[in-house]
Each structure stands twice: as C-alpha cells, then as structure tokens.
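Hints given; two lone chains; assemble the complex.
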Amino acid sequence: MASITLNHIVKKYGDGFPAVNDVSLDIADGEFVILVGPSGCGKSTLLRMIVGLEDITSGDLEIGGKRVNDLAPRHRDLAMVFQNYALYPHLTVYENIAFPLRLTKGQYTDTEIDSRVRNASTLLELDEHLERKPANLSGGQRQRVAMGRAIVRQAQAFLFDEPLSNLDAKLRGQMRTEIARLQRRLATTTVYVTHDQTEAMTLGDRVAVLRRGVLQQVASPRALYDQPVNLFVAGFIGSPPMNFLPGRVEGTDLVLPFVRVPLDARLRAAIGDRELVIVGIRPDAFEDADVVAQDKRGSGVTFDADVDVTEWLGSELYAYVPFETDPAVQQQLEELDRELDGEGMRTQLVVALDSLSTIRDGDAATLWFDPASVHVFDPESQDSLTRDDEKAAAIDAEAAQARQRATARAKERAAREDAKAS
Amino acid sequence: MALTGRQKMWWAVITVLVLVYALFPVFSILATSFKLPGDLTSGRFLPTTWTWENYTQILGPDGSARDLFLPALRNSIGISLIATLIAVVLATVAAYAIARLDFPGKRLVLTTALGVSIFPVISIVTPLFNIWRSIGLYDTWAGLIIPYLSLTLPISMWTLAAFFRQIPWELEQAAQVDGATPMQAFRKAIVPLAAPGVFTTALIAFFIAWNDFVYGISLTSTSAARPVPAALAFFTGESYFEDPTGAISAAAVVVTIPVIVLVLLFQRQIVAGLTQGAVKG
Ligand SMILES: Nc1ncnc2c1ncn2[C@@H]1O[C@H](COP(=O)(O)OP(=O)(O)OP(=O)(O)O)[C@@H](O)[C@H]1O
Ligand SMILES: [Mg+2]
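Chains as they are written, first to last, in full-length UniProt numbering: chain A, 1 to 422; chain B, 1 to 281.
If we strip away everything but chain B, and leave its shape as in the complex, we get (with noise of 0.2 Å):
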C-alpha cells in the first residue's frame, strides 16, 4: 500500500507523538542519574554539571549503596533468568502438547493457567508470606523463583501454544520421508521455525521477572535474595535531608541496560512470519 503525502505526514506526526510519550520518562531518569543532589529541585530538565557521583555511589568502590545494589543486581540477574529458564521450559513442552494433541482437560489447562496469570498478585502475597515463614523459603532465591513462574509461566504457555499452532508439523512429516529420523526432522525441520517463537516467549518471561517489585519488597528481608526493583527502596542519601533520587536513577538505568541489550541480541531472532512459504496458499 503507497502512502499518500498526507498519510505520510500524519503517520510522522503520530510516530513522534508516541516516541516522545514513551520515552520522555527514560530521558528525564537518565538526566537525573547526572545530577548533583542539589541539582535535584533545580526544576531544569538537564543537569546544570554533569557527574559521574550517583554512579559511583552505586557502583564505585567505595559508594554508600554499592553494598544494597550489587548483591540486589546479582539477585535480580540470578533469579530472573533461572525463572525464566523454566517458565520456558515448562511452557514449551506444555504448549507442544496442547498445539499438537488432543487430551481431555486440555481446555480446562488453558483456563486455568488464565486464571491464574489474572489473580491479583497482592492478594497472594500476604499468605505466601506466612508459608514461606514457616517452610524456610522466606528470603531465599527460590522463595522468588517459584512465585514469578507462577506469572511468567501462564503467558509464556499462551504465546507459544498460539505461535506452535502456526507451526505447519507436515514439515516433521515431510522430512522423515526425506530420510530423517523422528529425532532429526523435529530439530531440523521444527525447531528453526519454533525457536524465534520461544525467543520472544523468554524474553517476555525475563522482564515479567526483572520489573516485578510486589514479590521482591514483600517476601525477602535481606540481600541475600532481594532485587532490584525492591532495593531501590531502601537507598538513602548521603544524610537524613538528603533525597536519593539521584543514586536510584542511576540504578535505574544500570538495570535498564540489560533489557536493551537483550532485545538488541535477540532482535534478529523475534522475527515474525518466518514460518512464509512452507505450504501454498
């Protein structure tokens, strides 16, 4: 479809609109994480000098938050990823099954694991909170691994089932008659097609986890499993009067990184329609 001069116009103009809604808040974080702590109320958008010291403070070999911000970024990191490593897992094997075969209950699956991903998370925490007491899971990494599957997971299963019904399985069919073992048609004829579908799946699973903050305030107490997003809460200034905007913009944008990173890596992989032209039509 040829855009006209006019569409064209407003296609910019909207395009703009939205870059600059979503991303004015990223910019406005990172002009803070430059700025001097009296530089905070200055009420100008770019800081007046601009500092490494909310940096060092957080980093720094000697910053007052390195020790709150370091294990919590190992925390995050740690805890995020195992999560997401078996959210995928279990989801892909889970979604092979309700794409491919025909069980009873395999609504009720669907159903549930929908339920589930729409309770209230705040309305759980409060009783995991007494459990995890009492069984010794309270302040422990996997005290937070096994409530962020139960996020990560229902979603994960609903994107891969809906993007393995697209999947054309005839290709397995087709390549065991083209010599394959059923081992070897299912990596080389399926996989390629299913792995930019899983990509995308973990990649959602992992900022499901990274971003959450409920489970992470609620249910550690020390830094021995405590994430980011849940130590930004405890930073302190330098003194009692002293905001620490600063320092918490600057870990704010220290965990921004790795999401960029990961969705600029994985960027090649989340491409959609790669399944085009096995079949006609």
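Bound conformation, chain A alone (with noise of 0.2 Å):
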C-alpha cells in the first residue's frame, strides 16, 4: 500500500488538446479518492495515467514517494477495474481471478493461489460460480470477477473507471456499499472514478471535481457541498442541483426573481460593490412557511411562489417554480449547464420539502429560507463570494478524524474474524 501524489500532471493527446491539464492532488496511504466531473472531462484519462496505459506528457507522478513516470505497468503494482470489466472470456471465473498471482512466476505455490483465489471469490461471493466463463454471467456478477482479480493480490492501489455504470439501480447501491467496505477493511489506496452523485458522495474520504481536465476543487464530501469553490462545483455536486438565480442589489436589498432578501454583513462583504452576481440555494435550504418553526421563521425570509409541478419521492417532495431569468446572466447559466451534462431546459426554482407538505401541482405556495444558507458567485470569473476557507478546513478535518476512526474499527473487526476464522 502506497500514496499517490500527482505534480502538476499534463496529459496532450495527438491533437495537443490538453485532456488534463496541470492536476496537482495528493492521495495519502490508505486514502479513498473519488475522481468526478462530466463526461469527457479527462478523468479515464487520468486514471489511465496513473496505472501507466497513457503517457504522461509532463508533470511527476510518485507512487510511494518513487517517481514511476516511466515504469512500465507490470511494475507499478497497481490493480484496476476497467470500464468494461476487460475479463479474459476464453478462461473461467476461478482462472479470470487467479491470472495476476499466475504471472508472478514463482512467487505463489498452486495452493497459496488457490487459497488467495478462494477468499476473494467469498468475499465477493462467487463461489458458486468459479468455473462459469465470463460471457454465462450477469452484468453485476462479472463486475464482481473484475472486482475479484483486482483484490486478489494485496496490489499498492486500486484504481476504479466506473465500475458499476452498467448495473442497474439497485444492484448499483449493494455493490455501492460492498466496494466501501471492502475499502476500509483492506484500507488499500483507492483512487474511483464516477460521474455518479451518490457514489461520489458516499464513497470518498475526499473528492476531486474536474472540468475540462483542470482540477476544480478537493475537498471531503461535506465541504464540497456545503463550501464550493465555484459555479462549476456547486452546481456538479448535489442532486437536484444547486438553483442558480441572477440578483441585482438595490439600496440594502439583494433582489432575485421572487424574493427582496435584506443585505447582512456576509452577504454584503461578499458581494462589494458588484451591481449583479449569480445566486446559487440548495433545493433543501427552502421550507414550507407553514411549518417553519416560529423562532426560526423570524430569521429567514418569505415569498410566494406560484408551484408548477410536485414530485412526491416518499422522503421528499420536491416542487418546481418556473421563474423569468435576467438576461444578463442568462447565456453564462445556459453554458454552465450544458457543461454539467444539462438539458437546457427552462429555467426553475427546485425545492426540496418535507414529505408531509400538503403543497401539490398548481397550489400557490409560500416558502421559507435562511439568507445565511445561499451562496453568491461572481458572473465574470464564476468564482464562490461567500465560501468560508476556515469553515471548509474544519469540515475536512472533521471527516479525515471520523475516516480514521471507521477504518481503525474496521481493521479491529478484521482482526477480529480472522483469529476467529483461523
């Protein structure tokens, strides 16, 4: 097991289109990284990198503090589960599994692989299907042999290109939880591409937002979405997205499309003198004004709005308001959201609310949210006025001591079954 640390890594392809572009990131031992961003935005390419398929075209990259730049794959001793899972369909499940530790000629007796091949195929539970070939098995099983072949000898690292974007929902979130902990049970280095919200949140200690092969933000999920650096970030992390809406200051009010919001001091030093800046609030940070708590309700403001259409989910509803956007900033959210993958869609208000609202299709409703919950962002540069550097560093120390925790725990319970098992 290893770190991993990147310096200022540059990836040109034939047409010298940076598809990376000076990406900067260290991966500590033991660490889960979660590489995120649209489709195209060089993650595959980074990853790639990493276990040595794609030239680095400048920059450093050290693999337990050895610079390996020029280490053929075999000799980085890194384990990666492919896109498409790249299992070897003329041998079986038991053979795909046992092919890494079959390479290292010599180092591994017949029964020493075969003991190897058979914990992982518990773990993982393939037992049944040891001697399948891989084209007989399920989407989610021979994730499972890839998974497998990954795991089977204690590699530096593993590295993950969207292991489960083939599999259903629900298999999806089993398999979600499985590769977490197997994660913290092996505390093997794990570097994870997705372009999942769930995956990306759940799963990481830290996670890394690319756009356009630039590296956006690093941070723990929690400060990622609760400090982003920029539009980009903020409006990539979080589903429903974050809602971005344009506001103009008049006198001491910051006026959006529904709602006057008075200027505090934050909102104030964040925004200057700036006469227009993008407002960005979390579906979740509005409520139902009726059931808003009195004592909370004289802290935020009210506004009517006039609810197009509810989706009741079982734990949430969420409620669309339609609203006219300033042309002024219009063409700068129209672009950010095609980058995010968007539809283009009209323009609307998501609001996430309580299950039990009795809000529905057509109601006029009045909502409630807290001035201190919204983020404000710089047209121009696009960059976060209101992030709170401290804050977003107490965050992350705060998730690296409970990761530490998880993983000692999960190490004891480890130690624990196998003194028992043995």
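One thing to keep in mind: the hints can contain errors.
[Unchecked claim] Chain A is faced by these chain B residues, among others (derived, beta-carbon under 7 Å): (1) A162; (2) Q166; (3) E170; (4) L171; (5) A189.
Keep in mind that the hints were calculated from the coordinates and are not lab data.
Idealized CB from N, CA, C, for every residue including glycine.
Put into structure tokens, the structure is as follows:
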C-alpha cells in the first residue's frame, strides 16, 4: 500500500488538446479518493496515466514516494477495474481471478493461489460461479469478477473506472456499499472514477472535481457540498442540483426573481460593489413557510411562489417553480448547464420539501429560506464569493478524523474475524 | 425463440432439401468409385457388384494410375500446406496492422487486395505461363505456390481483419496492469481469442489452394509439381475404349478425405462468439 502523488500532471493527445491540464493531487496511504466530472473531462485519462497505460506529457507521478513516470504498468503494482470489465473470455471465473497471481512466476505456490482465489471469491460471493465463463454471467457478477481480479493480490492501490455504471439501480446500491466495506477492510489506497452523484458523495474520503481537464476543487464530500469554490462545483455536486438565480443589488436589498433579501454583513462583504451576482440556493434550503418553527421563521425570508409541478418521492417532495431569468446572466447559466450535461431546459426553481407538505401541483405556496444558506458567485469569474476557507478546513479535518476512526474500527473487526476463522 | 410445430416442420423440410442437393453428387461419386468399368453405363445409382478395383488402380502397388496419382497427391498436400502457411502468416500480420493501426493507405491496401481477388484467374494464367517458362518457375512447387498466394492472401486478410476488429484489445492492457509483459499480455490474452479466427482462415486458404485446377493444369507439365485436380485430367482407362470415370471418382473420394478430416479436427477451434463476455453490454 502506498501514497500516490500527482505533480502538475499534463496530458496532451496527438491533436495537442490537453485532456488533463496541470493536475496536482496528494493521495494519502489508504485514502479513498473520488474523481468526478462531466463526460469527457479527463477522468479516465488521469486514471490511465496513474496505472501506466497512457504516457504522461509533463509533470511527475509518484507512487510510495518513488517517481514512476517511465515505469511499465506491471512494475507499478496497481490493480485496476476497467470501465468495461475487460475479463478474459476464454478463462473461467477462477482463472480470471487467478490470472495476476499466475503471472508472478514462482512467487505463489498452487495451494497459495487456490486459497487466495477462494478468499476473494468468498468475499465477493462468487463461490458457486468459479467454473463458469464470463459470457454466462450477469453484469453484476462480471463486475464482481473484475473486482476479484483486482483484490486477489495485495496491490499498492486500487483504481476503479466507473465500475458500476452498467448495473441497474438496485445492484449499483448494493455494490456501492460492498466496495465501501471492502475498502475500509483492506485499507488500500483507492482512486475511483465516477460521474454518479451518490457514489461520489458516499464512497470517498475526498472528492476531486475535474472540469475540462482542470482540477477545480478537492475536498471532503461535506466541504464540497457546503463550501464549493465556484459555480461549476456548486452545480455539479448535489442532486437535485443547486438553484442559480440572478441577483441584483438595489440599495440595501438583493433582488431575486421572487423575493428581496435584505443584505446582511456576510452578503455585503461577499458582494462588495458588484451590482449583479449569481445566487445559489440548495433545494433543501427551502421550507414550506407553514411548517417552519416560529423562532426560526424570523431569521429567514418568506415569499409566495406558484408551484408548477410536484414530485413526491416518499421521503421528500420536490416542487418546481418556473421563473424568468435576467438576460445579463442567462447565457452564463445556459453554458454552465450544457457543461454539466444538462438539457438546457426552462429556468425553474427546485425546492425540496418535507414529504408531509400539503403543497400540490398548481398551488400558490409560501416558501421560506435562510439567507445564511445562500451562496453568491461572481458572474464573470464564476468564483464563489461566500466561501469560508476556515469553515471548509474545519469540515475537512472533522471528516479526516471520522475516517480514521472508521478505518481503525474496520481493521479491528477484520482482525477479530480472522482470529476467529483460524 | 421457440419454434411452433409448423415452423419446425418447415425447417426440417428445408434442411432435408438442402442436404440432398449438397450431398447427392458426393454420394454419386462415392457410389461410382466402387463400380466396375462395365457397370458405369448401367444407369443405376448403386454398383451391382462392389469392388475396390478403382482404388487399387490409383493406390495399389501395381495400379495403372498409381504413378500419376501418388506424386500428384504429394504435390497437392505440399503445395497447399506451404501456400496456406505463408498466406496465414502474412495475412495475420497484415490484418493486425489493419485492425489496430491507423496508417496512410490503409483503405488502399484493402481495396487492392479485394481487386486482386476478383481478378479472373484465367486472364493471368497465359502471361504467367510465359513468364514462368522464361524464369524457370514453370513446373515447380514455387511456381504454383506464388499464384496460390494471390488467391489466398486477399481473402485471408479480409477475414482476419474483420475478425481482429472484434477482439477486445483492451484485454491486452488489462493483462499488463495485472503484471504481464507486453509479450505475455499478447500471448495470454489475445492469442487465445485470435486463434479460432486464424484457424478458420487457414482452412479457407487451404481449400482454395487444394481445389485449384486452372493454375495446376497450366503451369505444370510433369509429376514434379502437378496437383491432384490437374492429374485427374490425365487419367486413362485400361484400354482406349474404357472410360477412366471409376478411377477419377476414387481419386476424388481420396482427395476429399483430408478436407473432411481437417474440418472435423478443427471444428472445435472454429467456434464463433468466443469473445463474448469480455466487456459489459
Ligand atoms: N486516444 C485519444 N486520442 C485523442 N483524444 C482522446 C483520446 N482519449 C480521450 N481523448 C479525449 O480526452 C478527453 C478526456 O477523455 P476521457 O476518456 O479521459 O474522459 P472521461 O472523463 O473518462 O469521460 P467519460 O465520463 O465519458 O468516461 C476527451 O475530450 C476525449 O475526447
Ligand atoms: Mg471514462
């Protein structure tokens, strides 16, 4: 197991287009780092450079403190699960998993190989499929075989390239927790590429957001959600995505399409002397004004809105409120939407309400939100103006501590189980 | 897809028709090969008396057609095998490049190959005859192997290129990450998948060379290089008035046997869809 350090990594393909541009990232030993970003942003390219399948145009890649830029893949001792599983179709499941071990001539005896393969297959519940060929397996089973091949030898690190993208929602959920459990238990350094929100937020210790080959922000999921550095990260992280509204400063108020928000000290400091800003509000920052506790109510602002459509999801209720956006920021927002793989649909406010809320399609509702939860972005640079670095650092530190405790517990449990087994 | 009773019946009828159509000539030749010369014109399908006489004539220690047939058989086997081997090796290398690399003139190579293969054999044979005579390739093995390559190479290249395109080449990278050298990755992950395609191509190439008649008859003059299909034309009966049909049939049966043996041997290798299951989807 080892740390991985990326130092100003650049990848230019033949046409000179920088698919990965000046990415620097420190991945600690045993850490689980997620790479996210929209399609084509260079996630796979970055992963393939780490594993050695793609040349690094410039910059340094270190594994365990050793520069490995020019090392062949087999000397880097990393295990990878490919975006499509890349199983060997002519080999049985057993031989697929044993493949990396058989290549290390003489390092393992046949009985050692057998016990390792069987350990991996038990862990992944593949025992009854060991003699079958990959062609006869379901997608989920193939995925597990690919995982088995990765974990069977104690590699320096695991690299996953969207391993769950082809599974149905239920299986994806199961495999996600399975991967999390496996990684906690083995405590192997892991880099995991995905563009699935849930995977990004739940699996990783830290999440790295890429945009057109450029690293935007690396932080714990909570810090990313709470303290995004710019419009792109704010829009990419979170589902449903953050609402972006044009905000115009008029006297002591910030005028949004539905409501005037009085400027407090925080907002005033953030906005400075700008006249027009982009305001970001998370869907879950809103509440139905009728159900907000009286003492909380005073600290926020309320406004009336015509709810167009509602979606009831059991645990939550999404309400959609269309609005006219300001032409001055419209183009910016449309471009951002396209970049986030959006559909360029009508501008609407998405509000996540308590599932007990009585608001229905076509109702006129009174909504409430707290201005303290509002993000403000510069329309030109798209940087966040309200980001609190200290707070972000505190969230990250807390996440790191929680993670350490979880790993220690998982190791203890694994040791206990091993002791019981032998 | 489950077939209904009616559909099943129709399929059975069609299968029987096709089988009869394809196998009737084979059985006819087989039956003829066991007939006595006098029996040939009897107009009956099966021989009245079964005899090995035709076979002893071409294979037996003092058969009259033995000196014609056995050298021809040796020539056919040798020339076809060498032509097949060269064609498959060259076509494998070429198809690999065509399937995996992007190089200028790739389409040109493919269309030229196609053009060569649709060129009518009969139109090249006369010039070849003249050239071969002047450079000493006439009536030699090499003199047949070279034109056979022009028949077998293009089709081998096309089949193999199509086959190689379907191979999930990522497996090579997966194997390298798993700890294989580039050579090991190719041998352990790609060769097993490519082998069936190569075997199939080799069979096709072998049959093309094995069945050739035009080059065989035009570019040879003695048993030094004459292959079986050409040699059959030189068979004569016991007397001037006797047809050599029986002996020709026996020879035809004998040369069919290696083909059947080859197909049965490699049947297991010619499995389509071996690449399934490598990737998702
Ligand atoms: N072999 C290549 N030659 C030229 N350009 C390439 C090559 N491979 C990828 N690219 C380009 O590099 C960029 C990043 O590609 P990459 O595959 O890393 O994206 P990704 O983030 O993994 O996307 P996805 O989520 O769709 O898998 C893309 O713009 C792509 O067009
Ligand atoms: Mg990718």
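Hints versus structure:
1. Interface hint status for A162 (chain B): violated, as the beta-carbon distance to the closest one in chain A is roughly 18 Å, over 7 Å.
2. Given the 7 Å rule on beta carbons, the hint for Q166 (chain B) is violated: about 11 Å separates it from the nearest Cβ of chain A.
3. The beta carbon of E170 (chain B) is positioned within 7 Å of a beta carbon in chain A (closest approach about 5 Å), and the interface hint is therefore held.
4. With a cut of 7 Å, the hint placing L171 (chain B) at the interface with chain A holds, because the nearest CB-to-CB distance is about 6 Å.
5. Look at A189 (chain B): its Cβ gets to within about 6 Å of chain A, closer than 7 Å, so that hint holds up.
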